[in-house]
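*Asks:* Here's the letter readout for the chains.
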Amino acid sequence: MKPAPFEYARPGSVTEAIDALSEGGFGAKLLAGGQSLIPAMNFRLAQPELLIDLGNLDELRGIRECEHGGLMIGAMTTHREVERSELVARHTPLLAEVMPWIAHAQIRNRGTLGGSLAHADPAAELPSVMQVLSAVLHARGPDGERTIPVDDFYVGLFTTDLEPDELLTAIEIPPIAAGSRCAFEEVARRHGDFALVGVAVIIEPDEDGAIKGARISLLSVGEGPVLAERAMEGLVGRTLSDEAIRAAAREAAEDLDPPDDIHASPEFRRHLAEVLTARALQRVRV
Amino acid sequence: MTTTGTIGSLIGESAPRNEDHRLLTGDALFVDDVHLDGMLHVAFVRSDYAHGYLRHVDLSEARAHLGVIAVYAADDLGDYWAPGPLLVPPPPIERCEFRSATQVPLAKDKVRHVGEAIVMIVAESRYVAEDAAALVEVHIDPLPPVATTEGALADGAARIHEQFDSNEAAHVVQEKGDYEAAAAGAAHRIRRRFKMDRGASAPMENRGIVANWDEQGGELTVWDTTQAPIPIRNGLARMLGLPERQVRVIAPFIGGGFGPKIMMFYPEEVLLPWAAMQLKRPVKWIEDRQESFFATTQEREQIHDAELAVDAEGRILGVSDSFLCDTGAYNPYGLTIPINSQCTLLGPYAVPNYWSEFRLVFTNKPTVTPVRGAGRQHGVFVMERLLDLAASELGIDRAEIRRRNYLPPDAFPHDHEILYQDFAPLVYDSGNYEPALDKALEMIGWDQFKSELRPAYEAEGRSVGIGIVSYVEGTGVGPYEGARVTIQTDGRVCVTTGVGTQGQGHFTSFAQLVAGPLGVTAADVDVITGDTAKFNWGTGTFASRGAVVAGNACHAAALAVREKVLMTAAAALGADHEELEIADGSVHVRDAPDRAISLGDLASLANPLRGAVKPGTEPGLEATAYFGPEHGTTASGVHAMVLEVDRETATLNILRYVVVHDCGTVINPMIVEGQIHGGVAHGIGNSFYEQLVFDEGAQLMNASFMDYLLPTATDVPHIETAHVTTPSPLNPLGIKGVGEAGAIPVAALFAQALEDALGSDVGEILEMPLSPNLLFKLLHGD
Amino acid sequence: MLIESEFLFSASRERVYEGLQSPEILAKALPGTERLELLEDGRYEGEMVVSVGPVTAARFQVSVELVDLVEPESFTMIVGGKGKLGFVEGRADIRLEDRGDECLMIYRADLGIGGRVASVGQRLLDSVGKAMSQRGLKAVNKMLQ
Amino acid sequence: MDEPQHVNISGMVNGSRFESEVEPRLLLSDFLRHDLQLTGTHVGCEHGVCGACTVLLDGLAVRSCLMFAVQADGRNLTTVEGLAGDELHPIQTAFHEAHGLQCGFCTPGILMSLVPFLRDNPDPDEQQIREALSANLCRCTGYQNIVAAVQLAAKKMRA
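Chains as they are written, first to last, in the working numbering: chain A, 1 to 286; chain B, 287 to 1068; chain C, 1069 to 1213; chain D, 1214 to 1372.
Just so you know, the hints here were simulated from the structure itself, not pulled from any lab data. Ideal Cβ placement from N, Cα and C applies to all residues, glycine included. It is possible that some hints are incorrect.
Covered, in the sense of this in silico footprint (three residues per stretch, anywhere, with C-beta under 8 Å from a C-beta of chain B), are these stretches of chain A [as the list claims (entries may be wrong)]:
#, segment
1, 2-9
2, 187-198
3, 207-219
Restricting the straight-line Cα-Cα distance to at most 25 Å, the calculated cross-link-like pairs of lysine-lysine (PhoX-like) are [what the hints assert, rightly or not]:
#, chain 1, residue 1, chain 2, residue 2
4, B, Lys1063, B, Lys481
5, B, Lys850, B, Lys820
6, C, Lys1198, C, Lys1152
7, C, Lys1210, C, Lys1198
8, B, Lys725, B, Lys736
9, A, Lys29, C, Lys1152
10, C, Lys1150, B, Lys396
11, C, Lys1150, B, Lys394
12, B, Lys462, B, Lys396
13, B, Lys396, C, Lys1198
14, C, Lys1150, C, Lys1198
15, B, Lys394, C, Lys1152
Here are a few chain A residues that sit away from chain B, every Cβ distance over 10 Å (derived from the structure) [to be verified]:
#, residue
16, Ser13
17, Glu23
18, Pro39
19, Arg44
20, Asp58
21, His68
22, Gly70
23, Met72
24, Ala89
25, Ala96
26, Glu145
27, Val155
28, Glu223
29, Arg238
30, Ser241
Kindly produce the complete structure, drawing on both the sequences and the hints.
*Replies:* Here is the structure:
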């Protein structure tokens, strides 16, 4: 279990990184935290010809408040930094809540927010969290900067809207409407394992408790994070009665076509999706 | 041998371990830590196919690859290529048909399981060796694989070993009394089919071998992660045509064994020493985790069709069991596992009539050899489940039905009239089961759970269940072990023995056994194990036997040295043998502490450099002793558990776990409890987390720690332990084995507690391991 | 591994059927196929590179055979792929039905997968199988326009 | 095949400086064990699950099998060999006293995981300890005496 040979580059700037990426073409791969890539390389499932180590790009690190509110998090910010950020805890408690669910501390010490989001593992927690937070992803390529709303970012299994020569630079999390409530639920085989199913939920109730907006995203049930659109729409205008919660959970589960694996059948995943969606909605009930 | 004075003893003390310091600081030597100048590194090309004809391998590209020193396929081994030995021939059972097919160094004409080694590559680094492995072209014509135990005997199943007319490796019947006659008059006959699937031993350290050939000295040195260095040494000497004394096998610190590290000879064990001699350079192979899922032996797949006959009071009239046992692609271990299952099924119970028949079958899966428990858990699972079902049919309390069937304390020695895996009759040496049951019931709060807790949980809508099971474990089997005890001139004591250690604390428990009689502390005793240059005789560490067999040898050798000490001291102090006492590292005359001499000085006196000694005097304060029991000892125990199920998510939480255990005399309670904790954790793994999942192509679907789930600290509960002590009459110290005990009854307990938690609306649990996925099916139907 | 799914082509059944007999279009159905040639014996042989998420550049020698041809209703693909990371062997039963002037493909692929991809990639096999077949058929559909 | 690329790296390990020329693909775990001969760091799975290879990188616990040696360039590493001074570290002592190890293979990784854990959580409860330990696999102990050892170590370090 030793990785195959590769050429190694450690650019000193994002521009250099993008140049290397465009030159490397199909055989080039970006190394962020490496906590998903390196295992794949040790198994020799991944055999990039050129590995571009983003470890020196401090310009991609850090968490700051945006002038219009909301947060801007550098793509190379580690899970640990996010987990411990007082800013994150204040602005987006959901993001803080989900961090301990991601693998283990030793992995979170290396793993990066951008790496996880760009890797687009269907069982990863962060894509679903970003989806309910309506995050905006900032990417840079040879033709400069562009922003991608999260709903356009995930286009398939391990596939994002990023061009082969683009790299993710930052994640922008828009301000969350006052009074919004959020929750994250997950079932995994063991503490820190890939989720069998997980769900992230945000609801925005008005002053008398009726729901103005709801976002529900499920993970490990499809090709990427899955927005439960029918359930979300169904909740708008209603209060979170037991009945409303049951209906939303049922709709969320019905609309899934979950994958099969040795740990969970599609039926089991659909069942868990309903249970966890209901539990999450119970928790955000005012 | 008469001994005098009161013999001190450290037996029963939780002495902290002598081996810890090296392990805690990173100084302990493991096989992969061996670095030799000019050392080469080995990787293997392994089969992607479970079954097929090996037509052709193209090695040209690999051989041409920069940094590659040598590439070998089966044909390159010449006459050295030979199937491994049949390690355990079948015991002399009357009705026993047996066919042996053992593993080969490198696949020649056929591949018989995924991961079977086909080509060995030797290169300057493991990285390069793996690069070259990817350059080897292997051409295999696939054959239909035998992927299941039942499929092995199905009509038209492909024959894995074509010299045989079927995939049946053995057919064995053992019988006691007349089951059919007894069952005819039974009030209840409970018949079910039980299944247990495969698991991996998964020690944290994978296997590894370093071999070094000293051309000048004509000496071969092999560092091997084996549980049996001496038999490996003997076998290698034979295979390589070397004198045994010119082959040194060192099993240094071993990162866990759990059974498969006693398997011999693994292909790599045969090939590395040969390659070192061919190339005249040291070679190293360290199994990686992915390889370990194919190249290291596995266990546990069995299917039982069993029936229990009881009278109206739930007393056992007899048991009938017919089972299939999977041995994988080869069967070097003979019948050890199925005979363990067959014998352990009887448990602590009086079973007047027993019919037991099994078929061992070849499949296209990795070879099966014992893994912690070695078939015992299957027997316990079948018997305990049958008793649970009988209890519910009869409306008897689950603890009560066990109590009613226990062998009484005066029934020992108890002969079950069948043969055990050690070729000796299955005779229980001693036992006293009810006190253990009572203790466990009290600790788990059996009655209180039923009267108060259960209703309370139900009121909260929680699904919580309780379970209790009994088991016996045949341990401490022969043939023998030996030990040499030496007092050095610095007063320290040195013990050398043949059994290696994989974490069982031998450095400490053996030290305790020796320190007592010699009046020193365990910390004054250096134990040396696992090096054939240090001790020449022995078998290995397996079958929960180390403490029993080697432990008694250590103690006997210490007593012999004690006699020499007293004789030498008597002469030195001009005192009478009977007046002497040994304490605190010296010998003194009773009531005259100033008339004393240290053990170190006595050691010098016993090995004079000049002058005369009495004719016939043996030099030094040293003695060697051997111990071989007449047959195995019988440990026993009761486990109880309280388990909560989250019906919505099909996940579990173990709220309480209680173990009451009887392993005879306990040398070091701390170490014994540690062994039990580890065993229970392993059992929990085999009950809910660990399953090797093969598809219909006999392809393993979870050959990584991502998908093969070892229990973690959040999955294993706090385990409450207590001891009952029924010494064994079969050895002077009264010790029984403990290494595997923790793992044996867990699956049966798990099933019982789970059924209890889920209540009648869910089907019976007759299969292990479970998983949330299976639990979901159980709860919601397929 | 079993993949059962459907795909709606915006082309006639005849067009789809005959299209899938041609190496160029058949190649599209197998994403990552770099070349696919029709041999005399009616089999197709070529090379494909599978690249999904962590698995990059998994190169397979592929062979495809179309049997039980019932024009323009159904046929069976016998597929084989072999590479450093393992192998794929199996069959895909394909049925074509008219849906107005469009064509619905109902397919059921039963694939045996071996080697490293199977033993460490199991979590993703099902998703990858589904995704690749749909991706391939989309590409075919585009070709047929 | 032409000569593979090599990269010069340097940094600190257990308080002393290292300089080396490595192939980019060399895993940090192999670099420590075989190039620097710091064999106390063990390798159990090489895919980041078992935790046996855990070391400290600038004071944080990381899987050394999920890093390339080149990524440690200019960084400060601590392995189990660097844990004890003249005397054993209190965590090591606690493991000895509480029988927190059996075969000892997983132990160095567990010790290195615990150093930052106890630094950040001087008085952890059992659940916190078990969750922290769930990042390291142990086949021998059933974790019970490891949990006890952590509680003992925390007590020693608070005193």
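*Asks:* Next, verify each hint and record whether it holds.
*Replies:* How the hints compare with the structure:
1. 2-9: holds (count 4)
2. 187-198: holds (count 8)
3. 207-219: violated (count 0)
4. Lys1063/B / Lys481/B: Roughly 16 Å between the alpha carbons, so the hint for Lys1063/B and Lys481/B holds.
5. Lys850/B / Lys820/B: 22 Å, holds
6. Lys1198/C / Lys1152/C: Holds, at about 22 Å.
7. Lys1210/C / Lys1198/C: Holds - the C-alpha atoms of Lys1198/C and Lys1210/C are around 19 Å apart, at most 25 Å.
8. Lys725/B / Lys736/B: 17 Å, holds
9. Lys29/A / Lys1152/C: 20 Å, holds
10. Lys1150/C / Lys396/B: 19 Å, holds
11. Lys1150/C / Lys394/B: 21 Å, holds
12. Lys462/B / Lys396/B: 42 Å, violated
13. Lys396/B / Lys1198/C: 34 Å, violated
14. Lys1150/C / Lys1198/C: With a Cα-Cα distance of about 20 Å, the restraint between Lys1150/C and Lys1198/C holds, given a limit of 25 Å.
15. Lys394/B / Lys1152/C: 21 Å, holds
16. Ser13: Nearest chain B Cβ is 31 Å from Ser13/A, so the label holds.
17. Glu23: 24 Å, holds
18. Pro39: 8 Å, violated
19. Arg44: Per Cβ check, Arg44/A is inside 10 Å of chain B; nearest 7 Å; violated.
20. Asp58: Holds: least Cβ distance 31 Å, greater than 10 Å.
21. His68: 40 Å, holds
22. Gly70: 34 Å, holds
23. Met72: 33 Å, holds
24. Ala89: 24 Å, holds
25. Ala96: Fine: 21 Å to the nearest Cβ keeps Ala96/A off the interface.
26. Glu145: Correct as stated: the minimum Cβ-Cβ distance to chain B is 36 Å, above 10 Å.
27. Val155: Check passes; 25 Å lies beyond 10 Å.
28. Glu223: Consistent with the label, Glu223/A stays out of reach of chain B, its closest Cβ about 20 Å off (over 10 Å).
29. Arg238: It holds; Arg238/A is separated from chain B by about 23 Å at its closest Cβ, greater than 10 Å.
30. Ser241: The claim holds: Ser241/A sits with its nearest Cβ about 20 Å from chain B, beyond 10 Å.
In the structure shown, a violation is registered for the earlier hints numbered 3, 12, 13, 18, 19, in ascending order.
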